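> Take a look at the letters that make up each chain.
There are 2 protein chains.
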Amino acid sequence: MELSSKLLERAVDEMSQLPGIGKRTALRLVLHLLRQPKSQTYRLTEALTTIKDQIKFCNTCFNISDAEICNICNNVHRNDKMICVVEDMRDVMAIESTSSYRGLYHVLGGKISPMDGIGPNDLNIEALVLRIRESQIEELIFALSPTMEGDTTNFYIFKQIQDLGIKASTIARGIAVGNELEYADEVTLGRSIVNRIPFEISLKS
Amino acid sequence: MELSSKLLERAVDEMSQLPGIGKRTALRLVLHLLRQPKSQTYRLTEALTTIKDQIKFCNTCFNISDAEICNICNNVHRNDKMICVVEDMRDVMAIESTSSYRGLYHVLGGKISPMDGIGPNDLNIEALVLRIRESQIEELIFALSPTMEGDTTNFYIFKQIQDLGIKASTIARGIAVGNELEYADEVTLGRSIVNRIPFEISLKS
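So the sequence lines, in the order shown, correspond to chains A and B. The first sequence begins at 15 in our numbering and counts up by one. The second sequence begins at 15 in our numbering and counts up by one.
Isolated chain A (complex conformation):
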């Protein structure tokens, strides 16, 4: 795509670095900004620069938070004997919106992925192990995506905590509620048979 202006080309190039934004979409977004008042561009760039400079994470669970300790960790009504391990804050939001979990979280900040150059030390794993050692945690729930990277990360963490005598579990993997069986992939369907659950339990959810 050849553009008639170097300035425009640079703006489009930078915009298209964002995930899911191709050159065409980037051009549409930049042209949109050019049609709007200057103040809109300034507010956007200022908000992005500010959060990048001043971003803070909860000292306990590493969720993004303006306070030292986030609202969830600070909530005395939550069960502080359970920690749910997630990849990023979007997973916290997704689980919170189910209203099915009242324990705490630990945000890793990613998954172990050698392909992308992300190793255990790039994630908040050491802090998690320390947190488990130093508090009265009874159960750790792994809620990473059921991918190769997710499973690798689960296993890496599990090895470090298996001697601490706490219960470890993963969120159930199986056929999504409301989905047609014939469209399920073979791995999921196969595992859902192997890991079948007592009928009475399935009625509860």
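Treat the hints loosely; a few may be bogus.
[Unchecked claim] Straight line, CA to CA, 25 Å or less: simulated BS3-like cross-link-like pairs of lysine-lysine:
| # | chain 1 | residue 1 | chain 2 | residue 2 |
| --- | --- | --- | --- | --- |
| 1 | A | Lys37 | A | Lys95 |
| 2 | B | Lys52 | A | Lys20 |
| 3 | A | Lys52 | B | Lys37 |
| 4 | B | Lys37 | A | Lys70 |
| 5 | A | Lys95 | A | Lys181 |
| 6 | B | Lys37 | A | Lys37 |
| 7 | B | Lys70 | A | Lys37 |
| 8 | A | Lys52 | A | Lys20 |
| 9 | B | Lys95 | A | Lys52 |
| 10 | A | Lys37 | A | Lys52 |
| 11 | B | Lys20 | B | Lys37 |
| 12 | A | Lys70 | B | Lys20 |
| 13 | B | Lys52 | A | Lys37 |
| 14 | A | Lys52 | B | Lys52 |
| 15 | A | Lys20 | A | Lys37 |
| 16 | B | Lys52 | B | Lys20 |
| 17 | B | Lys95 | B | Lys181 |
| 18 | A | Lys20 | B | Lys37 |
| 19 | B | Lys52 | A | Lys70 |
| 20 | B | Lys95 | B | Lys173 |
| 21 | B | Lys37 | B | Lys52 |
| 22 | B | Lys20 | A | Lys52 |
Think of the hints as simulated: they come from the structure by calculation, not from any bench. Remember, it's a predicted structure, so these values are computed and weren't measured experimentally.
The hints should help you fit chain B onto chain A, whose structure is shown.
Chain B alone, transformed into the frame defined by chain A:
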């Protein structure tokens, strides 16, 4: 969507002002930037601020251009007797990529749209009429989208130039090449019958 940080909320709000970017996508984009080195955010915001501050338009056709006169207007091999009227530079790019047009352009910067508060004076229409009066234009081709706003804009411009004795045309509207007839909308199909073209001409394109 409730977020755990005001800073994050502001960045997501600003990002979701962009067209086609909802709150969820905006959150994904901001979280992505937070995971990348600071330099990426700085390059993006700097590029956006720079283009917004320093954007220049061709003095003749109003396409975005770093020079006073753009490459197309400056090209002596192009037919300067024809002007194709388009909404924005993406339309110039789309028509250029067909290699079917060798005339000049005039970029209006939008369409007349009372709903969005865009009137004739917000567009480069006066400059177009002046340009036609002052040069040896023989044909004006309207290439706006075939919508109510596009048709209104075409008509508004046409009224101002109809006495100048130049030829005015619109790009052909009809069934897209390769499309199944049964899926065409009724208005397009109806017009394509009324405005049918001699068979020999259809063979050429």
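> For a quick check of understanding: which of the numbered hints are violated here, in increasing order?
Hints 1, 9, 18 not satisfied by this model.
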